[in-house]
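Visitor: Single-letter residue listing:
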Amino acid sequence: MEALDLLATGFAQIADPTRFGFVILGVVLGLLVGVIPGVGGTTGVAILLPVTVFLEPISAIVMLAGIYWGAMYGGLITSILFAVPGNPWSVAVMFDGRPMAMQGKAALAMSAGFVVSFVGALIAALLFTFFALPFAEIALSFGPPEMFAVLLIAFGTFVGLGGSPGKAAVMIAAGFLLSTVGFDVVTGQPRLTFGTITLMQGFHFVPITIGLFGVGEVLFNASERYKVKIEEMTRAARLGFHDVFEAVRAMVKNIWMIIFSALLGFFTGLLPGAGATPASFMSYGIAQKMSRHPEKFGKGAIEGVMAPEAANNAAGTGSILPMLVLGIPGSPTAAILMAGIFMWGFIPGPRLFVDQPEFVWGFIASLYVANVAAVAICLTATPLLAMMLRTPYALLAPIIIILCIVGAYAIQNSLLDVWLVLIFGIIGFVLRKLAFPLAPLVVALVLGASTEQALRQSLIMSDGSMAIFFERSISMPLMVAALLLFMLPLFQRLYRMLRPRRDGDQAPAE
Amino acid sequence: MKRIGQSVFYAGLAAGVAFGATLPFAAQADWEPQRPIEFVIQTSPGGGSDTYARLWISIIDKHDLSPVPITPVNMPGGAGAVAMTHLYNQEGDPHFITPTLNSLITTPLQQEIPVMYPSEDLTPIAKMVMDPFLLWVHPDNWETWEEFHADCQENRMTGVGTGARQEDEIQLALLQVAANCESFRYVPSAGGGDVASAVAGQHQDMNVNQPAEAMPHYPERLWPIVAFAEERFDAYPDVPTHYELEIGTDNDGRYAELLSLEHGVHQMRGLIGPPNMAPEAVAWYEDLFRKVWETEEWQEFIERNAMTPIFMGSDEYREWLATFEDNHVDLMTEVFEWELRSDLRRR
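Chains A and B supply the protein sequences, listed in that same order.
Here the working numbering is used: the first residue of the first sequence is 1, the next is one more, and so on.
Here the working numbering is used: the first residue of the second sequence is 1001, the next is one more, and so on.
Looking at chain A on its own, in the form it has when it is part of the complex (with noise of 0.2 Å):
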């Protein structure tokens, strides 16, 4: 096959000793921004940016892209571990992976975590080298009515998710309310501001989410007399493998899910303005939704960790197939690697895999080295990562809201948002005492604003007609299958009610 052929060549290409220590030092380096909360791979690749001048442009993107993978798995170390999710896509990890490692499965759950990115990016690599002009084609057809729909949809794979439905609404208002907040990209005018200028940054979901989740379970955990759990915790910190061995059972048991995870991932990454952090969330609400035991979803349940990463590697891989091919970069991220392919002098699009097809295929080559070398890495250090929880609490807790309040500012070098990371600590803490649950607040924080834009921008197509979501032959499915989604509860509800004597605890699942 053609394809085959060139990822030859692309193997060929960073088979160079030195390309490939490139390759390998930006999956080190992006490991360790990613382990930072809110620094992350974005802040990795723009450091190193202007950086790669010297470089020859392969050596440049595979160490760039490099950071990248690296970043997206070591995201989710912090996630499990303390809690504080390291990207925004990391959010929907913590949700299982928090109470696995409160349960003294830590290092089972990074395992986990860690094969299941694997086997998530492979499946999007895959689909990249064989089919990327095609999925570019696809990427294109969405446009804002579209995009909304499948907003809309994300939205709902996490309706009836557990807890007080009207706890949960509240919780949603809140989360699209803080989003509101800032400079509005539709009329250009300052919203909720009142009158300040430090306001029109607007509330940036990683200082809320640090805030809530890192700060507010330090505060909780100090509350709850942590010591109790610690003997619990550092059982599990044993050294060895055979976590390894059990977080590939799983996901051999799981492997379905995992790929219709990483496919719908791979979907959601394609789309621009859509990229990583739905997918994560999708993934997690279907994965529950699917699931046999859905009671257990938040209290530890592995394939809680499982869907969310297999989703969010896949779809890292998504994004930068647009950028390469079209132009548009699907997240921050792949921003960045654009800028950095215009520095170099090449210009993305179609004509960069006929004029330059070394860069292109030696970059795809390096996902699938740069993938097995973050899996060796990460799981070869899962033990001694584990350990960290050993660390007593006295000492962790400092240095947790060190690494959230650094991160904060790191995001857009602004005081206000250290403010926020201590302020929603606070709430977080508060929330967490009044069984609120934070996951609406956060999901609606995220995705409010380009949910919001991307309404308005189809109403502004339409002259105001909501039939634009229903007249179009992309969105108009899309439309349905999230207004199914939305109605899934009741559905539930009435098969229950109509069928009372048989045993309800068996949710259907279409």
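Treat the hints loosely; a few may be bogus.
[Stated by the list, open to error] Covered by chain A, according to a simulated footprint, are these stretches of chain B (three or more residues, beta-carbon under 8 Å):
hint	region
1	1076–1085
2	1178–1190
3	1237–1251
4	1254–1263
5	1310–1319
[Stated by the list, open to error] For each label pair, taking beta carbons as the anchor points, the in silico distance ranges come out as:
hint	chain 1	residue 1	chain 2	residue 2	range
6	B	R1254	A	G195	34 to 40 Å
7	B	Q1153	A	L4	42 to 48 Å
8	A	G195	B	E1257	33 to 39 Å
9	A	L126	B	E1257	53 to 59 Å
10	B	R1304	A	M466	27 to 33 Å
11	B	W1338	A	P165	42 to 48 Å
12	B	D1330	A	D355	20 to 26 Å
13	A	P357	B	P1036	39 to 45 Å
[Said to hold, decoys possible] To spell it out: a stretch of chain B is covered by chain A in this simulated footprint if at least three of its residues, at any positions, have a beta carbon under 8 Å from a beta carbon of chain A; those stretches are:
hint	region
14	1040–1046
15	1151–1164
16	1205–1216
Calculated directly from the structure, the hints in this document are not laboratory data.
The C-beta atom is built at its ideal place from N, Cα and C for all residues, glycine as well.
Mind docking chain B on chain A? Use the hints.
Guide: Chain B in isolation, oriented as in the chain A frame:
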């Protein structure tokens, strides 16, 4: 309360820094930076301005043009309002610079921030390039301006651009008035790549992108039908200018002039510093960026992305900016009747 605390902190910092920085250097004939320079960038990493800032930094590093490192600091938010205010607060301290783009003009005319006219309130340093606008459509819909023009007088067209009430919307609104089209719909979008793909994917009818953003789709899915300039671009010799097409050339040609490259709307890339920079410091930066401008890397970048090479030093750039600002005020208030900031001071 926290905001007050913060602004007092910044004011104190700015005053202290300004005091410390200006006094000793004022005595020297030549100025050199004494500590790392902060490149305050108004977009997130990967945004348009960010790309330019990092490119210039890389050129400076490669040719070893600065004795101190230049550190990029991203302060996105408020279409440049946050970064611009930060720069304003560094009054007199030449260790801060910001890349310029058109929101430098449009944002302070609409938002009540300390800066109103950057040509007066900040210190223009250099203009590095003009990034021209062309009108792009999908070739399946229209192949020439004449076809498009006939259609737009009958039907409402939908344009897409970056942000709201910024250069893309201004250029499209001006085109509509100048060409007597039915009123355009305007869909604000997040960035140049999205804007290009919205037309390439036939979701919207047109955009006024710069060549670099349209290139990945050219010529199959994006086709330029008007070049907004006095002369045709070397990169697109077959695309007529709006003068040739007589867009806005009637009634003393005011609209045509505003649509054009020289004094009209285009994406400008340059540099600006805080208020009251010492002339020696301005001279140092001017010299630095003139060297950057002359490098092979920058000249190649300009040519590859079909931009129009131009270099302006501080004084020239200040004068040019003042005209540019006045043109914007006229357009936005008189032609479009947009509401600008309530304390707008007309010149």
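Visitor: Does each hint fit the structure? Answer for all of them.
Guide: Here is what the structure says about each hint:
For the region 1076–1085 of chain B, the assignment as covered by chain A holds, since 7 residues bring a beta-carbon within under 8 Å of that chain's beta-carbons and 3 suffice. Using a Cβ-Cβ cut-off of 8 Å, 6 residues of the region 1178–1190 of chain B lie near chain A, which meets the minimum of three, so the contact claim holds. With 0 residues having a beta carbon nearer than 8 Å to a beta carbon of chain A, the region 1237–1251 of chain B misses the requirement of three or more and the stated coverage is violated. Counting residues of the region 1254–1263 of chain B whose CB falls under 8 Å from any CB of chain A gives 0; the rule of at least 3 is not met.
With a threshold of 8 Å between beta carbons, the proposed coverage of the region 1310–1319 of chain B by chain A is violated, since 0 of its residues qualify and at least three are required. A hinted range of 34 to 40 Å for the beta carbons of R1254 of chain B and G195 of chain A is consistent with their spacing of about 36 Å. The hinted range of 42 to 48 Å is not satisfied by Q1153 of chain B and L4 of chain A, whose Cβ atoms lie roughly 53 Å apart. Separated by about 37 Å at the C-beta atoms, G195 of chain A and E1257 of chain B satisfy the suggested range of 33 to 39 Å.
In this structure the hint that L126 of chain A and E1257 of chain B lie 53 to 59 Å apart at CB holds, the actual value being about 55 Å. Taken as a hint, the range 27 to 33 Å is violated for the pair R1304 of chain B and M466 of chain A, whose Cβ atoms sit roughly 44 Å apart. Checked against the hint of 42 to 48 Å, the C-beta distance between W1338 of chain B and P165 of chain A comes to roughly 44 Å, which is consistent with it. Between D1330 of chain B and D355 of chain A the C-beta distance comes to about 45 Å, which lies outside the given range of 20 to 26 Å.
A hinted range of 39 to 45 Å for the beta carbons of P357 of chain A and P1036 of chain B is consistent with their spacing of about 40 Å. With a cut-off of 8 Å between beta carbons, the region 1040–1046 of chain B has 3 residues touching chain A; three or more are needed, and the interface restraint holds. With 3 residues having a beta carbon nearer than 8 Å to a beta carbon of chain A, the region 1151–1164 of chain B meets the requirement of three or more and the stated coverage holds. Proximity of the region 1205–1216 of chain B to chain A, defined as three or more residues with a beta carbon under 8 Å from a beta carbon of that chain, is established by the 4 residues found.
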